[in-house]
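Chemist: Given next are the chains, with one letter for each unit.
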Amino acid sequence: MLVQDYMTKHPLMGRLTMSISEVQHYMADNDLRHLPVVGDGKRLLGLVTRQSLLVEPVRLRSLDVWEISRYLTTESIDVVMIPADDVITIKGDATIEDAARTMVRNRVGCLPVVEDGIVVGIITETDLLAQLAEIMACSADIPAVRATVQMPNRTGNLAKMVQAIAAQDWGILALGGAVNRDDPAVWDAVVKIDNVTKDAVREVLGEVEGHRVTDLREA
Amino acid sequence: MLVQDYMTKHPLMGRLTMSISEVQHYMADNDLRHLPVVGDGKRLLGLVTRQSLLVEPVRLRSLDVWEISRYLTTESIDVVMIPADDVITIKGDATIEDAARTMVRNRVGCLPVVEDGIVVGIITETDLLAQLAEIMACSADIPAVRATVQMPNRTGNLAKMVQAIAAQDWGILALGGAVNRDDPAVWDAVVKIDNVTKDAVREVLGEVEGHRVTDLREA
Amino acid sequence: MAQNRWVADDSHRVQTPILEAKNLAVSYEIRDGQVNAVRDVSFKIHRGETLGLVGESGCGKSTVAFSIVRFLGKNGRITGGSIRFQGQELQDLSEREVRSLRGDQMAMVYQDPFQSLNPCMRIGDQLCEVLQEHRGLSDREASVRAIQMLDAVYMPDSAAVMRRFPHQLSGGQQQRVVIAMALLNNPALLIMDEPTTALDVTVEAVVLDLVDELRRRLDTGVLYITHDLGVISRVADRIGVMYAGEMVEVASAVDTFIRPMHPYTEGLMRCVPKLGLSKESSSLYPIRGRVPAPTALPPGCVFEPRCDYARRRCREKHPELRSVEREHLVRCHRAEEIRETEWRPSDETILDLQERLRSRSEDGSKVLEVSDLRTYYDQESKGILSLFGLGEKRQVKAVDGVSFEVGAGTTLGVVGESGCGKSTLARTIIGLESSRDGKIDFLGFDATLPLSRRDKRLIKDLQMVFQNPDSTLNPSFPVGYQIARPLRRFGKVDRARIGDEVVRLLNRVKLDGSYYDRLPRQLSGGEKQRVGIARAFATNPRLVLCDEPVSSLDVSVQAAVLNLLMEIQQEHNSPLLLIAHDLSVVRFFSDAIMVMYLGKACEIGPAEAVYAPPYHPYTEALLSAVPTADPRVEQKRIRLSGSVPSALNPPTGCRFHTRCGRKVGTICETEEPPEIGFGDQHRIYCHLPLEELEAMDAVITA
Amino acid sequence: MAQNRWVADDSHRVQTPILEAKNLAVSYEIRDGQVNAVRDVSFKIHRGETLGLVGESGCGKSTVAFSIVRFLGKNGRITGGSIRFQGQELQDLSEREVRSLRGDQMAMVYQDPFQSLNPCMRIGDQLCEVLQEHRGLSDREASVRAIQMLDAVYMPDSAAVMRRFPHQLSGGQQQRVVIAMALLNNPALLIMDEPTTALDVTVEAVVLDLVDELRRRLDTGVLYITHDLGVISRVADRIGVMYAGEMVEVASAVDTFIRPMHPYTEGLMRCVPKLGLSKESSSLYPIRGRVPAPTALPPGCVFEPRCDYARRRCREKHPELRSVEREHLVRCHRAEEIRETEWRPSDETILDLQERLRSRSEDGSKVLEVSDLRTYYDQESKGILSLFGLGEKRQVKAVDGVSFEVGAGTTLGVVGESGCGKSTLARTIIGLESSRDGKIDFLGFDATLPLSRRDKRLIKDLQMVFQNPDSTLNPSFPVGYQIARPLRRFGKVDRARIGDEVVRLLNRVKLDGSYYDRLPRQLSGGEKQRVGIARAFATNPRLVLCDEPVSSLDVSVQAAVLNLLMEIQQEHNSPLLLIAHDLSVVRFFSDAIMVMYLGKACEIGPAEAVYAPPYHPYTEALLSAVPTADPRVEQKRIRLSGSVPSALNPPTGCRFHTRCGRKVGTICETEEPPEIGFGDQHRIYCHLPLEELEAMDAVITA
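Chains as they are written, first to last, in my numbering: chain A, 1 to 219; chain B, 1 to 219; chain C, 1 to 702; chain D, 1 to 702.
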């Protein structure tokens, strides 16, 4: 469950000798949203994103056709790349939650995974999403009930729920929670329980004091 | 924990009367990666993404300066938008895991949330990532131990772990797992336990038969 | 679990405000030029955020609202700046596009729900029409959706409401329908212009809760316009303070109340009584002067003429709205320099007043003694039988057995929702209604007599200040003439000196002699109310009944009028019966308070005792509902369901049992509640056991 | 939990293959023109995927590999198509850029690890040099990283290995060092050209496991070149089959083996014995003809001359590589029409042979009886004392007490890792080594005598086929002369008829008379081995010893040679002693099998009994390691650590105890294991209790 387990190893990478037009082609051909640029020894020099590649319309209008052509074919990748110093990176042994936090906080969709300055992989929002969703979703082929329970955002409440489940000898497949978006005094927990019926879950979890089952479905 | 709880409500939306250049400006000004295009009554007509906005370099080179200018200022949004029929959407009462699956499977970074054809919100990879990571990460200010445990991918193994934890009267803050990426016979579980030491967790979880603690950290 | 979550905010989401006004200017064409009603107004409303817009009447709040929805009328237009809605410049949009936005992405709720409702159409049809127009839903779908929306605004029995006409609903219900209608299309922006001003405090509380909940649930941006600082404190995340067409301060709600930085905002705060404070412990400081007309703005800071901190710079240079702290914008040259603690009132007499109030001594003599008073009306049944004269005559028991007394020089406040009988009580005492039963002893007079049969002396000694001075001032006569009338009638003053006496009275209410010849329509609301007070006190009465004397006034005027009332009361040592819905005002002004519900007193006692536990459950609910002008205050959330039952057919037993959250059992439904005394004349009428009453928590904690 | 996960694949990731060759063509300039060695080769390698490239020698596999790393030499060049590495056209890159890629992002491992290692440099220095050159690491960092990498390839005592020179390591260890070196820079692409061909099956298994694990862990794309269908079945996800410089089929490993669609692939599959099958139950069908020279390609399909399904179209039109099913490309006009089940061998004699093998009866007479045979060598100590003649003479106990017998007309297979003594055993029987002790009774002769002292008759009756015919064929003499030599020497044939007899023998091994005058270098490997067989059987011997007779041959030639051996053996009813490392071949060919370890027999018995439980733990490990040419087969994963201990100082007790996974206890270290008989002459030498032996699971399950 670490970044190194879920990153894309051997990502496609750009070289400083590429022109902007080559980079555009390379990224389009390979359906890349992000392209780390490396020097010899896969040392991170920068990052090109689709955003950094966009030719701004304003600029387009101000350039004449010769300039556009020159811009695209002769300017090199370093004109459009985010320099390494400004690229947010992560190490391979960070947890995937850490990576998710880093991305969300910095509003970036991808993190080059760097060890000793060397690019060893790249991890994207989608990689994390696939994995985090899988963690919460568990396997699709076990009959399970997914319940969302609202409880006071105070220590001990999650334990009450887990105990209620344990008391039934039910198996927890996944469990997690977060502060309610609308009301920070409320904590929303999601739990997946296998081999039970919705009714049984409703009854047992509904009886926990101060807890309220807000959503219940087979999942 | 449903899409409607985490989507961005009242997303910025485009209208058919916008020119490509207006759309580009609008998206750039508002830092948008995705723009649903709606008709009267917020009916979904299409979706513009940064990708669909990119003027392909090939095309740029083949257009002369007058054509580029005309293209950007007079062609309307429908030239660059993905038509509604091809846009992957989701309903508000889907779970966030469902949304994550849908995005990962379809390789899209955003889903318009649509009810009866009406756009009621938009949910992006980042929204889900923030939430799913939060679910797994729990609050940052409770001292907790995060353990990754490898176990055989067979029913009953997760239960064994949960029981071992319950037997210690420890509180589970979060729990989840997924099939190991390298070996489908192995299941990786992540569990967060509060108010314990790493050593205690290592000892208790390490004793479960067939289980192996592969990572242990304070989180 | 703890509140600290690492994704503390939605910083990863689109940060574009739902609405952003920048240097907005709006002008109206008038015959002889143009009025710059709104100038240089900037603010933002983010998703899920309520921006409160406050300021006195005539400061341009509603003009801002109308400029957003492009409802400025034929002569109004935006003359400068920009309004961006969802990142798009509204001025770039065609009339057609704005119209489509208006139905679809913005909605507006006005003070008077009737303005938004078609009186000739059933509620259901009106709701469905909106859905069908914008969404193209079928009748059935639209109807289902409309009912869901009525449920969402907590409309009881929403399916039945669908079939009713607007007039068949209470005001609160009407306003909820209007809100439901506004939300039908899930707008990104909801503009609310004084939506609760016409509502009872309990209903207001429910509507405010609703707005807040919907904002959070739907992430709607709300522009909430009100003059009520209590309401804005409850509802707003950030507050924009407007003055004379300009935005003078924008800050978070807490900062606005706790650390206001503009002298005008500070001034507003000093005008409102904080709930729990009394006239002995605090003073209200009206802002001197009045809002300038947009055609006669001062050259420098528009607030300068009224500002206690003004310097030369303020007179010479118009200040910009500038960021003084993070998220705190102020239009004042001296924002950083001025300290609230250094402020001294310009009118030192207010401090004297407080001093005098503190040192007054009650002689304990009773001026008014009311025992078991009952005022019933007959009402024709509205059923079909009445057409044939067969309708049963039904009685409205507006006042149904009320007993209290008012001592010399003291004030008795009477509170309760509309329909509780408090106005009927006043009108019975003053003789505008006849009592059915009970006694009113006023200095030995029997005041149960109707006005027509009252002794002249009784009339002279028992005066009243009405809520709406318009309704008691004859628009055709000059002010002086109308104040002179009682003087003339009761012959208290020599005819030759009446003119002087009127001027003295005008001066007494802080109006100069020039008002003598003005007609009422030339007066502002506050001025009219001063005239009303002058007239009431003209005869030097022994008791003045005040029925919502300040509720229609701006806060600054309100403060001035309340101060005036106190001053005059102090001067005359005349007791007052003060009826008001504003529980802060009543608490501030009154020595004793009576809480009425459906014609009966629930609780009566010294003001500080009534506003502290033990409470009658109804008092508790009222206090929970009252908006307090302090966002730090925590209030227990007790909401009464429904509105006051009809007095035609009041509930049996304790009349409050149908809405009571502390109902004991069937005893509440069958037996009149007993009187429970707590010493010091504090009485509660309730079936609750003494222990439980005594164990009650305070509703309001700072 | 279950294996079904909803994100079944990485479809959301970048789908660009690590390597993609499209219509690749490579030519070599030769004196009289150009050889189109590789034509129209297309394939992709995705991240974390191993593409196996198989095909007989000379089909262009290695040329493809060299063209990727641009190692084609002075006269070779890419003449068409493209190679994209990570989405970039390699041909667009400068020599400098390719060089940088080669060290950094691609790496190559050859068959002979020595080719990649500098014999004069310590392992550690060689590894660190790579890191310092490409990464600029300090000595210390490089050294730490190098040791980590050696650990990653499961090198025992990696810190010590760092200080050694290449020759101080075993072949398997050397190959691991080379793989570690290749992986130091974490390349995206690893090209492996027959990396395990020189290794023992047990070491090969470890290396193959390693490659597979690293591929999965590092997501490296692997191009794995081998002629060994068993290896490719174990290691490859997808397989490309090359024939005569063209890619003729590309499919998943399972499809390639289970549903091959190209007649050549089908043919390859028919050439290899499936593990567990015997010559009585199945036949090997060599592909007739031979691979055409690139200068003499047929006009239509290149495989047409050897194809049993060929039609006129195949002769006239060169087929394209086309997609026949999803992810299954075939270069055959008739891929959809041909059915493997309808295939009949072109050479019906093979079926006759199987028939004859099935119906043969053993007369039970013994031809060879070996009892407690010991062959020891003296070896000088290599220590410094030996310089002074003080070195202790040490004995290598290559064969240390082996007993077995071979009956008339039967084959005894001998298996075991290198160094187990199986070749020494054969060389002792044939008289090339002297035994120290024990008896060899060969039809009444004492065959312990050295060759020089043997009777002519004994020599005539005891012949040998060597692994490498080159080493026994004199390059200076024509083939015919060399076959004639034994005929002449043993005078079996009239001198005048020797020429005819040689031609008969050549025909017998399916070579025509024209080979009589050819020199060995004009022959292919298979042809040389046929000559070797012809020569061995020329004297009509009574026992033939075959030491790895087919291990250096391509599968099709192997099948032909094996069939030939069987045929001739059947004809002469001569028993065979077959030494081979390929356990499938041994199982297929042999009636009885002896498993040797460090000079001793571990297990001996009928072939089917030895290949089924109970096993000696060493047999079990060997069977677990053997690559089977069937991806559906499941093998228990038992890996021996380390290599065979030195025979200079063999372990005490059971010699296998140092590597045994089923060691019972100290008894294994101290006592020779007892013989446990299972009837039918099946014997196991092991300390394991009978129950445990009998409870063993089968290693291989289909």
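Treat the hints with care, as some may be off.
Said to hold, decoys possible - Derived CB-CB ranges, DEER-like: (1) A:Glu209 / C:Leu432: 19 to 29 Å; (2) D:Gly73 / B:Asp29: 58 to 68 Å; (3) D:Asp347 / A:Gly92: 24 to 34 Å; (4) C:Arg290 / B:Asp29: 40 to 50 Å; (5) A:Glu115 / B:Arg202: 55 to 65 Å; (6) C:Glu337 / A:Ser76: 25 to 35 Å; (7) C:Arg216 / B:His25: 52 to 62 Å; (8) B:Arg154 / D:Glu316: 28 to 38 Å; (9) B:Asp93 / D:Arg99: 15 to 25 Å; (10) C:Arg311 / A:Arg212: 28 to 38 Å; (11) C:Glu89 / D:Asp92: 45 to 55 Å; (12) D:Glu672 / B:Arg154: 54 to 64 Å; (13) A:Glu75 / D:Arg217: 32 to 42 Å.
Said to hold, decoys possible - Here are the simulated lysine to aspartate or glutamate pairs, EDC-like style, with alpha carbons at most 20 Å apart: (14) A:Lys9 / D:Asp104; (15) A:Lys9 / B:Glu207; (16) A:Lys9 / A:Asp116.
Everything labelled a hint here was simulated from the structure, so no lab data went into it.
In this text, all values refer to a predicted model and were calculated from it rather than measured experimentally.
We put the CB at the ideal spot given by N, CA and C, even for glycine.
Chemist: Which earlier hints can't be squared with this structure?
Modeler: Checked against the structure, the hints that fail are numbers 1, 3, 5, 6, 7, 8, 9, 10, 12, 15, while the rest are satisfied.
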